[in-house]
Amino acid sequence: MSGAVAGVDIGSTTAKCVLLGEDSRILGKSLNPVGVDIVKDAERALEAALADAHLSRSEVSFIAGTGYGRYKVYFGQLIVTEISCHARGANFLFPGTRVVIDIGGQDTKAIRVNDKGEVVDFAMNDKCAAGTGRFLDVCANALGFDVAEIGPLSLQARRAVKITSTCTVFAESEVTSYVSRGKDPKDILAGLHASIANRTLSLMQRVGVEPEITFTGGVSQNEGMVQALHRRLGAPVNVSPLSQYLGALGAALHGRERLSGGAT
Amino acid sequence: MITGGLDLGAGVIKGALLEDGRRVLATASLPSRGTPVSAARRLMDELGETANIAPGDVDYLCTTGFGRYSIPERNLQVSDFTSSARGAIFLFPKTRMIVDVGTQASRTMSISETGKVLKFKMNEKCAAGAGRFVDRCSKYLQVPLEEMGPKALASEHPKLISSVCAVLAETEIINNVAEGVPLPDILMGVFLSLSQRAYSLMRYVGIQPEVTLVGGLVRNVGMVKALRDTVGMDVNVAPDAYYAAALGSAILGHSRLLKLAQAPRPAGG
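Each protein sequence line maps, in turn, to chains A and B. Counting from 1, one number per residue, gives the positions in the first sequence under my numbering. Counting from 1001, one number per residue, gives the positions in the second sequence under my numbering.
Incorrect hints may appear among the rest.
[Claimed, not checked] Cross-link-like lysine-lysine pairs, in silico, BS3-like; alpha carbons within 27 Å at most:
1) Lys1125(B) - Lys1259(B)
2) Lys127(A) - Lys1121(B)
3) Lys1139(B) - Lys1151(B)
4) Lys162(A) - Lys1125(B)
5) Lys127(A) - Lys1139(B)
6) Lys162(A) - Lys183(A)
Honestly, the hints are just simulated from the structure, not real lab data.
So that you can see chain A by itself, here it is in the shape it has in the complex (with noise of 0.2 Å):
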């Protein structure tokens, strides 16, 4: 059987859909916020990728779901997991990835890879708003800032500030004391992405730090958010600007491995 195949990965904010061609090579991909409909906003992400890829519904072979809203993907033959596509997507694209790190924007998770791309260990919060996408959010917020500026800001502190508070609503008061005290914002904003990266390393911990590291999910496209980890870490980490599409992609990934009969 040949043609393209779909991964459709439905986020807790945003649907995303990558076509992956025989080759593996990538056809075309979409990303559409989440609303109420998921099952429409599926068919969407799907509609989008095919119309980017200048591709008809007929042309897909072979479609597999993942994510948070996975079980709404009702037009798939495959769901896996996004735990099982984060870290084969990281693999396909960083094929040395041991560790991937997967800040979203309600949880974040560690996984722990071989050179398969295959899932050894994983660790996730997902119950606590702290490290996570939401912590970004709201602290950009109280500082008046949009989520998509702060990275950037963050690496024009010069002194970062130490946020002591775990909890995002404790530290969402810090932050504004800090204001009140007359603390440069960038130096703020410095020291939440480093609250993050603390938060990210004893993730990491539970699952054992080893490079290559993988940094992927909707908090990887901030500059700020990768220099921090980088920081803390003390080694470089893998991004990519496909790093968003890595759950559609690993889902494409798993779905081209079931139609060549292979095991996923």
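The hints should help you fit chain B onto chain A, whose structure is shown.
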């Protein structure tokens, strides 16, 4: 002999004036709004007016709480554990366990019959178990803080909250509102969630009657009902339990003053 007790909490300053360590002359509270020293002075003036005494008539001032070191006029400071225990025993002499849900921290302690703290457990790291969670709910549900409790009492099917994080719970609560869950059920869900957290602190310390609720949320009828339902036993509640730590510190101030009066004065002092 008149002693004053000031409890400088993270959100609100509570104060009490006591005569001879027994008779309550006045109690009052003020939000600290980041300026505890001036708020504390205003509160002392207000207490003096209620008790009808001049500022100079307060023989001894004992502070407690988070900001107890910030008041230069103090004669003594004691930890919030010690003062809450003393205050709870004063209000309910059979108290053996104290639950205190404050703005920034919640704590539970077991105490001896003399008010000595035996064991305690505290949560100060996470807003989910603290009054701050209620403050935030009040804001985004647009229900004034003082109306939350009475409204919650109308709940028939409380909507439990599955998130254990105040920020993630916010999303959950907003979803519940969007899905048309009645407001009283949502509010009672918030109080039950807080009660669950308090209950796990209580179990850690070891539950023993009588249980007395003190501090910030004691005046919230919704919280009181949720805690009683969660723990499955009666919980002592009194209007003055809101001032338990302030009362306790005024009592401790009185004991100290008595001791000082009995002690021989140091030579040349």
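Structure-based check of each hint:
no.	hint	verdict
1	Lys1125(B) - Lys1259(B)	violated (38 Å)
2	Lys127(A) - Lys1121(B)	holds (21 Å)
3	Lys1139(B) - Lys1151(B)	holds (15 Å)
4	Lys162(A) - Lys1125(B)	holds (16 Å)
5	Lys127(A) - Lys1139(B)	holds (23 Å)
6	Lys162(A) - Lys183(A)	holds (11 Å)
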